[in-house]
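Trainee: Since the structure of chain C is provided, determine the placement of chain Y on it from the hints.
Read top to bottom, the protein sequences are chains C and Y. Each residue of the first sequence is one higher than the last, beginning at 29 in the numbering used here. Each residue of the second sequence is one higher than the last, beginning at 21 in the numbering used here.
It should be emphasised that the hints constitute simulated quantities derived from the structure, not laboratory data. Just to be clear, a hint being listed does not mean it is correct.
[What the hints assert, rightly or not] These stretches of chain Y come out as covered by chain C in the derived footprint (C-beta under 8 Å, 3 or more residues):
no.	stretch
1	31–39
2	80–92
3	142–153
4	167–175
Ideal Cβ placement from N, Cα and C applies to all residues, glycine included.
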Amino acid sequence: MKENALRFFFAANGVLAIVILLGIFSLLFTESLPALKELGVGEFLFHLCWDPTSPERASYGILAMVLSTFMVSFGALAIAVPVGVACAAFLADVAPPQVREFLKPVVEILASIPSVVVGFLGVVLVGPFIARLFHMPSGLCALNGALLLAVMALPTIVSICEDAIVSVPQEFKSASLALGATKWQTLVHVTLPSASSGIIAAVMLGMGRAIGETMTVLMATGNAAAVPRSFLDPVRTMTATIAIEMGETVQGSLHYQSLFVIGLLLFCMTFAVNVVSDLVLERFQRVRR
Amino acid sequence: MRKWWRKLSEALGFALLGLAALLVVAVLVLIMYDIVAKGGKAVTWEFITQKPTKGMTAGGIWPAIVGTFWVSLVTVTVSVPLGMCAAIYLNEYARQGRLVRLIRVAIRNLSGVPSIVYGLFGLGLFVLTLNLGLSVLAAGFTLGLLTLPWTITASEEALKTVAFSYREGALALGATKWQTIRTNVLPYAVPGMLTGTILGLARAAGETAPILFTGAAFFWPFLAPFPKVLTTQFMALPYHLFIMSTQHHEIGKVRPLAYGTALVLVMLIFLLNLGAVLIRYRFRRKFRRA
Chain C
29 MKENALRFFF
39 AANGVLAIVI
49 LLGIFSLLFT
59 ESLPALKELG
69 VGEFLFHLCW
79 DPTSPERASY
89 GILAMVLSTF
99 MVSFGALAIA
109 VPVGVACAAF
119 LADVAPPQVR
129 EFLKPVVEIL
139 ASIPSVVVGF
149 LGVVLVGPFI
159 ARLFHMPSGL
169 CALNGALLLA
179 VMALPTIVSI
189 CEDAIVSVPQ
199 EFKSASLALG
209 ATKWQTLVHV
219 TLPSASSGII
229 AAVMLGMGRA
239 IGETMTVLMA
249 TGNAAAVPRS
259 FLDPVRTMTA
269 TIAIEMGETV
279 QGSLHYQSLF
289 VIGLLLFCMT
299 FAVNVVSDLV
309 LERFQRVRR
Chain Y
21 MRKWWRKLSE
31 ALGFALLGLA
41 ALLVVAVLVL
51 IMYDIVAKGG
61 KAVTWEFITQ
71 KPTKGMTAGG
81 IWPAIVGTFW
91 VSLVTVTVSV
101 PLGMCAAIYL
111 NEYARQGRLV
121 RLIRVAIRNL
131 SGVPSIVYGL
141 FGLGLFVLTL
151 NLGLSVLAAG
161 FTLGLLTLPW
171 TITASEEALK
181 TVAFSYREGA
191 LALGATKWQT
201 IRTNVLPYAV
211 PGMLTGTILG
221 LARAAGETAP
231 ILFTGAAFFW
241 PFLAPFPKVL
251 TTQFMALPYH
261 LFIMSTQHHE
271 IGKVRPLAYG
281 TALVLVMLIF
291 LLNLGAVLIR
301 YRFRRKFRRA
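With the rest of the complex left out, here is chain Y:
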């Protein structure tokens, strides 16, 4: 092959790869620009703090924000303890064998189960069999199971970053396995676990399919006090956005509100992600000093 051709093909090839990367950036910029430009006008203090009114063609999204908050709280309460304990088993106690292999295969497959199938499972198990009805609890439990694989994986990663010498030091002093984990492993792993939890929460807060039949309501602006709120239906930001963009008949009137809802949802998720990044950053610095 000629030399000039080799050089040209290399330049062209790399340019093509760069173009692909540029395309990915362009897609994100386009998405963000559209949502911020058109949603920015709709998001006011009133929009965030008021109930929807006039058949949802005016007013705000406060009940949807509150609903998302309660469901997320239940989600975390379910998935974090279970996920942390499972990760402790996998990383601290388990020896490589068929059981551990099976557990890992199950975890990976759980994270690939379609979210709507989780919705069916939640409907069958929590709503109907366990008789929770359409409620914050049923939806939160469903999302808790959905996020479980992520919490396990994130917690395990956090446990792995704790140096082995920490464990050996405690064990050498005669501490039992559990004492070692409690005093010398967990304190250092918790920030990492927290990061994973927040990331999982950010994804759960945007999920719609699993709450479709487990408790999300078209219109439910009533805010019951805790704990009664857990057994009622609820509005949620992602479901509200779905309703506003496809199920509402006055498209022209609700479109700006839909854009506003999309912006608030995206901002909420970015804030959670940012929080996770900040914790990870602080955690790393602390570790370096130690």
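Pulled out of the complex, with its shape left as it was, chain C reads as follows:
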């Protein structure tokens, strides 16, 4: 009797994770539903212009921020993926044990630096550097955000890629080496392809993080709500828009609900990315077993 009650109690705590996930979704959905009904999904998805407080005609297009979000995220990945995979390969395959012992905490410490501190350095260090380099009045632009997000995505990419590379069976490598391939050829032609699904999952998780990152982009990318034309333009991401405007809206207003629409889209995007990387990782692990 008591045992069953305890069992039920612990199970309830396990199920809580599902409840919270559903709760987040349903709250975002119910809060944004009135705005979606009143304006229609098309207003949000196909308009470039976001100007909810305009006295003449308020507009709620979020396309420009979606583009900004992707621009910064892909820019970050373009920097972080090559460096991260190379660093992981070095850790897993090349580095002597002492170097590994030193490098692993470095990656961990890098992961523990709060996003607000990274954003701060974007304002005081990276931004001014970019401004001087390209002769701009301020360095707050998409490039700044991409550089900073790359730093933040690096630890995720390095540690998951390293796991993937380490778990490639030794026989694969031995077979390649036995055929006379060099260690480098083995790494490039055997080990990395074998670990590719793990690497893909790492990249996708890094992307999920980059899309959802708030403080760094809020502080370092300039926050101009327009379609970005180059990496030197200031951009305003979805997360930054919520962070900037939520404090100033009236609760329950159309503007307030529209910010939840952005949140809902953000949730769906990261959810999709996570599910896909989850599936890739799971398949990868099953193959390994």
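Mentor: Coordinates of chain Y only, in the frame set by chain C:
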């Protein structure tokens, strides 16, 4: 292919990989150097123990330190019991099946939900629906949910390290499942769980987006006594750093204070991480002896 070319390409390739690793180290060194060199001057005893004054262009960050402490306390109180119990279910009771799979998918997805979305959720649920208002409680609950996936994962790892023979010994003597867990599993898993908790706390203490609309205040130097403090707004270190670096109009005057705040925040997080590492180290040694 020629032999010399194979050797050269190998050397070049490995050099390139090493360069990437070096770059990662260089980034960390650059970050730490900048913060320590410029923040070190600002951090004095007065800076840590005093309120901000003169429109936040002078004085210290004491209220932000206290605010961070209270929010962290609520965060731990929420996420640790829930996370531990969920981990006990997953590792001790649950049998592989669709429910467990679903729970695991949910946990992994929760850890990927953007922090600002947690902020929206906290605003909708705790601040407005449950009527907690902008408060330490609302912000702490929000961060508690945010850290939940980490606590569950860390607690499960800790439970996994307890050898099966411990459980079998207790069960063979006629102990019930719960008695076994309570007397033969938990005592050995608790240090590991503690490690995970501290690591989760270190990350929660640096989070800014989830507290933006759940209770963090631009300027709130009033330190109410417990428990009244839980229902008021608060200052927090990460939010204070955000304000100092972007929202304040006298940039020149507040910049040194912003650097000081960044240094204190980073040091706080490193201390927590160090604590976790030390506990893990002691725990491992104790286990080896047993």
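Trainee: Hint by hint, note whether the structure agrees.
Mentor: Outcome of the hint check:
Counting residues of the stretch 31–39 of chain Y whose beta carbon lies closer than 8 Å to any beta carbon of chain C gives 6, which meets the minimum of three for the stated coverage. For the stretch 80–92 of chain Y, the stated coverage by chain C is violated: 0 residues have a C-beta nearer than 8 Å to a C-beta of that chain, whereas at least 3 were required. Remark: the stretch 142–153 of chain Y is confirmed as covered by chain C, as 4 of its residues place a Cβ nearer than 8 Å to a Cβ of that chain, reaching the required three. Residues of the stretch 167–175 of chain Y lying with their CB closer than 8 Å to a CB of chain C number 3, which satisfies the three-residue condition for coverage.
The structure fails hint 2 only (numbered hints given earlier).
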